[in-house]
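Order-wise, the sequence lines are chains A and B. When you line the first sequence up against my numbering, it's residues 62 to 812, in that order. When you line the second sequence up against my numbering, it's residues 486 to 555, in that order.
Be a bit skeptical, because a hint or two may be false.
Said to hold, decoys possible - Once the Cα atoms are required to be at most 30 Å apart in a straight line, the calculated BS3-like pairs of lysine-lysine come out as:
(1) Lys544/B <-> Lys760/A
(2) Lys361/A <-> Lys555/B
(3) Lys555/B <-> Lys412/A
(4) Lys550/B <-> Lys733/A
(5) Lys349/A <-> Lys304/A
(6) Lys550/B <-> Lys361/A
(7) Lys555/B <-> Lys374/A
(8) Lys163/A <-> Lys550/B
(9) Lys374/A <-> Lys349/A
(10) Lys311/A <-> Lys349/A
(11) Lys324/A <-> Lys304/A
(12) Lys472/A <-> Lys545/A
(13) Lys544/B <-> Lys304/A
(14) Lys555/B <-> Lys162/A
(15) Lys412/A <-> Lys304/A
Bear in mind the hints are in silico, worked out from the structure with no lab data behind them.
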Amino acid sequence: MHVDGRDFARLMRESRLDEARAVLERSMPLAGLCAFLCQGECMPYCRRAEVDAGVNLPMLERACALHSRPGKVMPLPASGKSALLAGSGLSSLCLAFELGKKGYKVKIVHTGEAGLALAAGALDLLPQGALAEALERLMALRVSFERVDDFSPGLCAALRRENKAIYLGLDDPALNLSAFGVENPGDTLTLETDIPGLFVGGAGLSFIRAAAAGKRAAGSITRFMQGVSPSSARAGEDVYPTKLFTDLSKVLPVPPVEAADPKAPALVEAAAEAVRCIQCSCLACVEKCAWMAHYGAYPKRYAREIYNTLAMKIGHRRANAQINSCTLCGLCAAVCPNGADMGRFCAEARKEMVSSRHMPASAHEFALEDMEYSNSPEVAFYRPQPGHERCRAAFFPGCRLPASLPEQTAKLYAFLCRNLEGGVGFFFRCCSMPARWSGRPLLTASSAAGVREAWEEAGRPELILACPACSLFFSAELAEIPIKSLWETLAALPLPDTARALDRVLALHDPCTARDRPALAEAARSLALRLRQNTEELPLSRGFTRCCGYGGLSILAGPQVGAEIARSRLGDTDKDLLCWCVMCRESLRSAGMRALHFLDLLFPGEEDAAARPAPGISARQDGALAFRRAMLQNFWNEEDEAADMEPIVFHMDGEVAEKLEARRILRSDVEKVLLHARGKGAQFRDPQSGRVLSCLRPKQVTFWVEYSENADGSFTIHNAYCHRMRVPGTPGEGLPTAVILEGFDPQGGRV
Amino acid sequence: MKNESGEIQPGGWICANCGVPLELLPADAIYMGSSFQVDLPRCPACGVTFIPQELAEGKMLEVEKLLEDK
Chain A
62 MHVDGRDFAR
72 LMRESRLDEA
82 RAVLERSMPL
92 AGLCAFLCQG
102 ECMPYCRRAE
112 VDAGVNLPML
122 ERACALHSRP
132 GKVMPLPASG
142 KSALLAGSGL
152 SSLCLAFELG
162 KKGYKVKIVH
172 TGEAGLALAA
182 GALDLLPQGA
192 LAEALERLMA
202 LRVSFERVDD
212 FSPGLCAALR
222 RENKAIYLGL
232 DDPALNLSAF
242 GVENPGDTLT
252 LETDIPGLFV
262 GGAGLSFIRA
272 AAAGKRAAGS
282 ITRFMQGVSP
292 SSARAGEDVY
302 PTKLFTDLSK
312 VLPVPPVEAA
322 DPKAPALVEA
332 AAEAVRCIQC
342 SCLACVEKCA
352 WMAHYGAYPK
362 RYAREIYNTL
372 AMKIGHRRAN
382 AQINSCTLCG
392 LCAAVCPNGA
402 DMGRFCAEAR
412 KEMVSSRHMP
422 ASAHEFALED
432 MEYSNSPEVA
442 FYRPQPGHER
452 CRAAFFPGCR
462 LPASLPEQTA
472 KLYAFLCRNL
482 EGGVGFFFRC
492 CSMPARWSGR
502 PLLTASSAAG
512 VREAWEEAGR
522 PELILACPAC
532 SLFFSAELAE
542 IPIKSLWETL
552 AALPLPDTAR
562 ALDRVLALHD
572 PCTARDRPAL
582 AEAARSLALR
592 LRQNTEELPL
602 SRGFTRCCGY
612 GGLSILAGPQ
622 VGAEIARSRL
632 GDTDKDLLCW
642 CVMCRESLRS
652 AGMRALHFLD
662 LLFPGEEDAA
672 ARPAPGISAR
682 QDGALAFRRA
692 MLQNFWNEED
702 EAADMEPIVF
712 HMDGEVAEKL
722 EARRILRSDV
732 EKVLLHARGK
742 GAQFRDPQSG
752 RVLSCLRPKQ
762 VTFWVEYSEN
772 ADGSFTIHNA
782 YCHRMRVPGT
792 PGEGLPTAVI
802 LEGFDPQGGR
812 V
Chain B
486 MKNESGEIQP
496 GGWICANCGV
506 PLELLPADAI
516 YMGSSFQVDL
526 PRCPACGVTF
536 IPQELAEGKM
546 LEVEKLLEDK
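With the sequences and hints as input, model every part of the structure.
And the structure:
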């Protein structure tokens, strides 16, 4: 019957009787009748039956039917369609009710008293007046009754001639198939027979299954009259096992409530029985993922909301921010008994948003510009190991590690050069993962092609990858490039002389990008073991690890949710974290946790490395450039030509720098504005304070910088802000570049 | 930087090129294919337009977000 038993029990528990009845009536025709005929066929399948006994829903139904008001039936206007029902068993009455609501003119032909075909034991179950009330409801729907002496072959032939749609309710013993010329019983799904328009049901069924047959016949007759396929998309009407996983480990046995009068249970008895309902639900992912919890519902609802947003032609696309703040980390799929993966869903949704040109320009622009910066010729480079022309391998530290731990990265490179045969080149650039995370397949492919080209020029070395996100990206997008993880590489080498353990327990944090590669997590553990570093396992680790908030660009596209995701690690331990992905280390440190990277143990630098702040975005970009200069100078004896440019010197106090960081205004953005003003002149000045204000729109964002010039030619920055909207007439509107424009025209509008 | 009637005011800024105070004049604002006309402080001589921080981080940001999710 598909009654929502869980919701029904919840409302009965709270004695919300009319609402509970509405839940019944939504799925159960003539609920005032069916409630008393239900024999609880669901009870053995109730999950509580595995603990003690299934919830006695028939008892709740009866109490509800006795103590609530029937809902108002609002039939559709007369449709001009009609159907003839032979027999007045429960299946026919329920069918008449369903068709009557749809505006059909329904006639029931029967022998004996109307409805008395129920007699086989049913009347004893019904309270007084229940049948009469049901018949009244049918008559209010313009259902007519015609009594005949018997179903003679002559009458049956006449009925067939006069009616396009006929239903034979075999739960009325007065009927037989042969009188209507039907040879085979009806199809169990659609109740169709060999004769078009003639449907059969109700034979040999329990009352509730007969009622369900009537409901199903209503669907078939409606489809038949509309000329629609009688069988397509109806599997859900049948009985099927639930896919819902419910954890029963915390469910305690509670004895079932016995009603003093089973035909008329008291409300208190029903409410007590309803309390036994465990309200089956699976919140396995919602309990573990801050993103799931943040939006206040569960995956099924999210999937619907996301689907609705994608399907929307016009209007507010409500789920945009939600789609873009998922970390795509796969924890939900790892913990879901059915493997449901919201991350994959959101990743596909992003692609769809990009291709339909509905991806908000601001969501990933910053990350993609950062990627473009890392891959620009000013930053990216490859060099073979000094003294080698071609190298068997190349160290690929990723874009973040060198900026965050420049000295350790250089020492690690020197260590690899000393310990690996065949030469180790140095390959500095971004793998292009941000493009993939942002849902841009074209940009992903072109950016990956850039990596491939540089790798081919380098002589196709095997790449040693420090970053697990790079590993994931190479496996997915650049499978032809041989890769090896740094962590597996280190496992086969002696420890560096400098390596030292800390004399306290550290909590090992695994990155989500290695969730499906257990070998990497094992390599990190074996490294910790060889270091003799005491570590503890976090409650969620290895394949079940939590994302730091950086995955899927979550923290960039939805800073608030991203920060909540990062903070969810806080409750897992009071120890310092030990990370082997630098993005994890930075995100978790920014979220207020103390965190180290393995390189802090292999090549120790400062005293309290766990407290080292994560570099801000400007510092990271400047750091990448400084790292390149230092590397080229120290390993290859090259002077970086970029260093010769006349620098613009500017200062700002810590508070201003923090504001800029929060607004994602880079020092290089400020520099561009100042350079522009130096060439073209400032645009505004305040004669009283002597300050000047200049603006520039290098790409999709207009930056405003308020500053004053000092006597020595340097500048002091007092404030900076930005906006994305274009205002022609604001000066300094430059031309945008092509980087993030998949799905957008250069002006930031839709193509 | 708004006066009592909610108009955006230029504060103490004057046009650096022309040396004249800014005046409230109509200007276009364009984003995601939509455009609006608003009164903004502009130089009456050369037309250069000033966007105060309050506007950039307030109303303007709000409208940007609305248009992005449309």
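Taking the hints in turn, this is what the structure says about them:
1. Taken as a hint, the Lys544/B and Lys760/A pair is honoured in the structure, with Cα atoms around 21 Å apart against an allowance of 30 Å.
2. For a cut-off of 30 Å, the pair hint linking Lys361/A to Lys555/B stands: about 24 Å separates their Cα positions.
3. For the given pair, Lys555/B sits about 17 Å from Lys412/A by alpha-carbon distance, which is consistent with the 30 Å threshold.
4. For the proposed pair Lys550/B and Lys733/A, the alpha carbon gap of about 26 Å is at most 30 Å, so the pair holds.
5. At roughly 20 Å between alpha-carbon atoms, Lys349/A and Lys304/A fall within 30 Å of each other, so this suggested pair holds.
6. The straight-line distance between the Cα atoms of Lys550/B and Lys361/A is roughly 27 Å, inside the 30 Å bound, and the hint therefore holds.
7. Between Lys555/B and Lys374/A the alpha-carbon distance is near 9 Å, which keeps this suggested pair within the 30 Å criterion.
8. Of the supplied pair hints, the one linking Lys163/A and Lys550/B is violated, its CA atoms being roughly 44 Å apart against a limit of 30 Å.
9. As the CA atoms of Lys374/A and Lys349/A are separated by approximately 34 Å, the hinted pair breaks the 30 Å bound.
10. With a CA separation close to 18 Å, the supplied pair Lys311/A and Lys349/A stays within the 30 Å bound.
11. The suggested pairing of Lys324/A with Lys304/A is violated, with an alpha-carbon distance near 33 Å, which exceeds 30 Å.
12. Annotation: proposed proximity of Lys472/A to Lys545/A holds, straight-line Cα distance about 19 Å (limit 30 Å).
13. Straight-line distance between C-alpha atoms of Lys544/B and Lys304/A comes to about 47 Å, which puts the hinted pair past the 30 Å bound.
14. Distance hint between Lys555/B and Lys162/A is unfulfilled; the C-alpha atoms sit about 39 Å from each other, more than 30 Å.
15. For a cut-off of 30 Å, the pair hint linking Lys412/A to Lys304/A stands: about 29 Å separates their Cα positions.
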